[in-house]
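*Asks:* Following the hints, complete the assembly by docking chain U onto the known chain D.
So the protein lines, in turn, are chains D and U. The numbering used here puts the first residue of the first sequence at 4, with every later residue one more than the last. The numbering used here puts the first residue of the second sequence at 4, with every later residue one more than the last.
None of these hints come from the bench; they were simulated from the model. Accuracy of the hints is not assured; some may be wrong.
[Said to hold, decoys possible] Within a straight-line C-alpha distance of at most 27 Å, the following computed DSS-like cross-link-like pairs (lysine-lysine) qualify:
| hint | chain 1 | residue 1 | chain 2 | residue 2 |
| --- | --- | --- | --- | --- |
| 1 | D | LYS196 | D | LYS268 |
| 2 | U | LYS300 | U | LYS264 |
| 3 | D | LYS169 | U | LYS169 |
| 4 | U | LYS113 | U | LYS48 |
| 5 | U | LYS33 | D | LYS177 |
| 6 | D | LYS300 | D | LYS268 |
| 7 | D | LYS300 | D | LYS196 |
| 8 | U | LYS128 | D | LYS300 |
| 9 | D | LYS264 | U | LYS48 |
| 10 | U | LYS300 | D | LYS128 |
| 11 | U | LYS196 | U | LYS264 |
| 12 | U | LYS48 | D | LYS128 |
| 13 | U | LYS33 | D | LYS128 |
| 14 | D | LYS128 | D | LYS169 |
| 15 | U | LYS300 | D | LYS177 |
| 16 | U | LYS169 | D | LYS128 |
| 17 | D | LYS169 | U | LYS113 |
[To be verified] To be clear about the criterion: a stretch of chain D counts as covered by chain U if any three or more of its residues have a C-beta under 8 Å from a C-beta of chain U, and this derived list gives those stretches:
| hint | region |
| --- | --- |
| 18 | 18-24 |
| 19 | 95-106 |
| 20 | 155-164 |
| 21 | 178-187 |
| 22 | 233-242 |
In this text, a Cβ means the ideal position worked out from N, Cα and C, and glycines have one as well.
Number of protein chains: 2
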Amino acid sequence: MALSASPTAARPQAAARLQGVLSPVITPFKADLSPDAERFVRHCKWLLKSGCTGLAVFGTNSEANSLSLEERLSLLAALIHAGVPGAALMPGTGHCALPATVRLTANAVKLGCAGVLMLPPFYYKSVSDEGLYRYFSEVIERVGDERLRIYLYHIPPVSQVPITLKLIGRLLAKYPGIVAGAKDSSGDWSNTKAMLDEFGKSGFDVFPGSETFLLEGLRNGGVGCISATANVNPGPIDQVFRKWRSGEADKLQAGISATRKIMQKYPMIPALKSVVAHFGNDAEWRRVRPPLVELDKEQEAALIPELKAAGFAMPGLAG
Amino acid sequence: MALSASPTAARPQAAARLQGVLSPVITPFKADLSPDAERFVRHCKWLLKSGCTGLAVFGTNSEANSLSLEERLSLLAALIHAGVPGAALMPGTGHCALPATVRLTANAVKLGCAGVLMLPPFYYKSVSDEGLYRYFSEVIERVGDERLRIYLYHIPPVSQVPITLKLIGRLLAKYPGIVAGAKDSSGDWSNTKAMLDEFGKSGFDVFPGSETFLLEGLRNGGVGCISATANVNPGPIDQVFRKWRSGEADKLQAGISATRKIMQKYPMIPALKSVVAHFGNDAEWRRVRPPLVELDKEQEAALIPELKAAGFAMPGLAG
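Bound-form chain D, shown alone:
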């Protein structure tokens, strides 16, 4: 497979393509609301030994858009410094401002990250595919590195700016290899299916944005999932990925879907943090940055027992 429209053998090599279960890692904050690099690294390491093949740090569930650029750069540096391999990383780098996206993306490539997960610029609504094409093209040209692997981040319920199939087709034709795939967080299986059908055989790797669609995705050419709930349930989700061709697959899928359903009754980000705080016996994890708000005591008092009753556990977290 060509890595780009004009590959050059002498250029530095890109990391292998990520597959499997990726966690959009939640970001811990200290009492003064500054990012807590130590807890962040610890959680990342737990995820990698508990079933995640990769870490989509700085995603929606990471409160990445609530972080300054400097905070993101510093957390990523802390991860690399702590020995987390770039080959396991797919940091979010999409920002409303082109220079910010270029800066974050170039830094990720320089650090050897396997790819970047790129939101479209999301302030202006109803923008044209032409405008988005120019945006992504400009980022690619400015980063100017053949090792760059972009995963387009389609999350219309939050960004309100969709990545259409037409836009993907145009970008893929111009930058094959560089445009490496997508995370589809539309929650709409028919859209994920259309992405898979149209581009799955062109070296375009599709990750559903929820493990609810993991098995169905794999059966249709998907390569894994990038899911909020992978922050707390990585092992069982990974089991579906590893055994999707086996007779157990449907039963395993039903199990992780049931856990997801419990989590979805609550605001996802504070719920994930409450779960990590509870099962890791570390109340510091509960904090979120405004405009988000922590779960209240009543919500926690309902969520935790319901998870326990379903047999949920986070082995090795509190160790």
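*Replies:* Just chain U now, kept in the frame of chain D:
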């Protein structure tokens, strides 16, 4: 009027409250898409001598969210350096990331800006008033300067995150004087009227986000308007502000509303830039940053003659 809940005479004085016509100044870009400080300063000076009492730089129409923090800081410094008084400035400083908002806001206060126009954090949707209250409170506490004047920016069609009356009431009770007013770009007169009725007498200055509501706003306690079209039509809009109590007021209002209606047939930001390019005889102005796209030739070929036929002019611009 108390400037804050606990005013201290010895503290530095805040600039006088802005009133009248403010322009959310469009941002010119060079061929490499970097901000063009020289053209920016020139346009700002033209606006101030042509009817604008103030400049709401770095608003929606300024493509501010397409600029990096450094680009905003540098353009603001260029304005001040060029002799534009801080007392005429209301820069936009609201960002998704709390530290970014604090940095931009503290800088604006330090430079003597009359106020700041603050978007809510706009990535997460359906956030609670409690979360937004914490966000704005945290910004105010961190900036920690009694000269700070915040104008809350309500623009749900774009931000998708509204500033509710309840939120305003809560912030105003806690930070009177600091929370100085709002720009209402909802396009919904009943909301503007409700803001005026509920808070207009508490030292809360309401600017409709379009000159369409300028006269009606003034008649109900409003203090002016902050409008995209003030970039191209500042003189006639200022006339409505100056003569709103006169017998001419309704006729003057009808004139500016007619111009606005022509502009609104086109994507506003590229249309403003095309108009400045045409009437200023300076094609460089047409450029926008992705994800926006310039007007095409057909759109320009329709817009410009229609404006001319309506008697539209930009006196002194091409000089």
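*Asks:* Indicate, hint by hint, whether the structure satisfies it.
*Replies:* Consistency of the hints with the structure:
{"no.": "1", "hint": "D:LYS196 <-> D:LYS268", "verdict": "holds (26 Å)"}
{"no.": "2", "hint": "U:LYS300 <-> U:LYS264", "verdict": "holds (20 Å)"}
{"no.": "3", "hint": "D:LYS169 <-> U:LYS169", "verdict": "violated (42 Å)"}
{"no.": "4", "hint": "U:LYS113 <-> U:LYS48", "verdict": "holds (22 Å)"}
{"no.": "5", "hint": "U:LYS33 <-> D:LYS177", "verdict": "holds (25 Å)"}
{"no.": "6", "hint": "D:LYS300 <-> D:LYS268", "verdict": "holds (15 Å)"}
{"no.": "7", "hint": "D:LYS300 <-> D:LYS196", "verdict": "violated (39 Å)"}
{"no.": "8", "hint": "U:LYS128 <-> D:LYS300", "verdict": "holds (23 Å)"}
{"no.": "9", "hint": "D:LYS264 <-> U:LYS48", "verdict": "violated (58 Å)"}
{"no.": "10", "hint": "U:LYS300 <-> D:LYS128", "verdict": "holds (23 Å)"}
{"no.": "11", "hint": "U:LYS196 <-> U:LYS264", "verdict": "holds (22 Å)"}
{"no.": "12", "hint": "U:LYS48 <-> D:LYS128", "verdict": "violated (30 Å)"}
{"no.": "13", "hint": "U:LYS33 <-> D:LYS128", "verdict": "holds (24 Å)"}
{"no.": "14", "hint": "D:LYS128 <-> D:LYS169", "verdict": "holds (18 Å)"}
{"no.": "15", "hint": "U:LYS300 <-> D:LYS177", "verdict": "holds (26 Å)"}
{"no.": "16", "hint": "U:LYS169 <-> D:LYS128", "verdict": "holds (26 Å)"}
{"no.": "17", "hint": "D:LYS169 <-> U:LYS113", "verdict": "violated (47 Å)"}
{"no.": "18", "hint": "18-24", "verdict": "violated (count 0)"}
{"no.": "19", "hint": "95-106", "verdict": "holds (count 6)"}
{"no.": "20", "hint": "155-164", "verdict": "holds (count 5)"}
{"no.": "21", "hint": "178-187", "verdict": "violated (count 0)"}
{"no.": "22", "hint": "233-242", "verdict": "violated (count 0)"}
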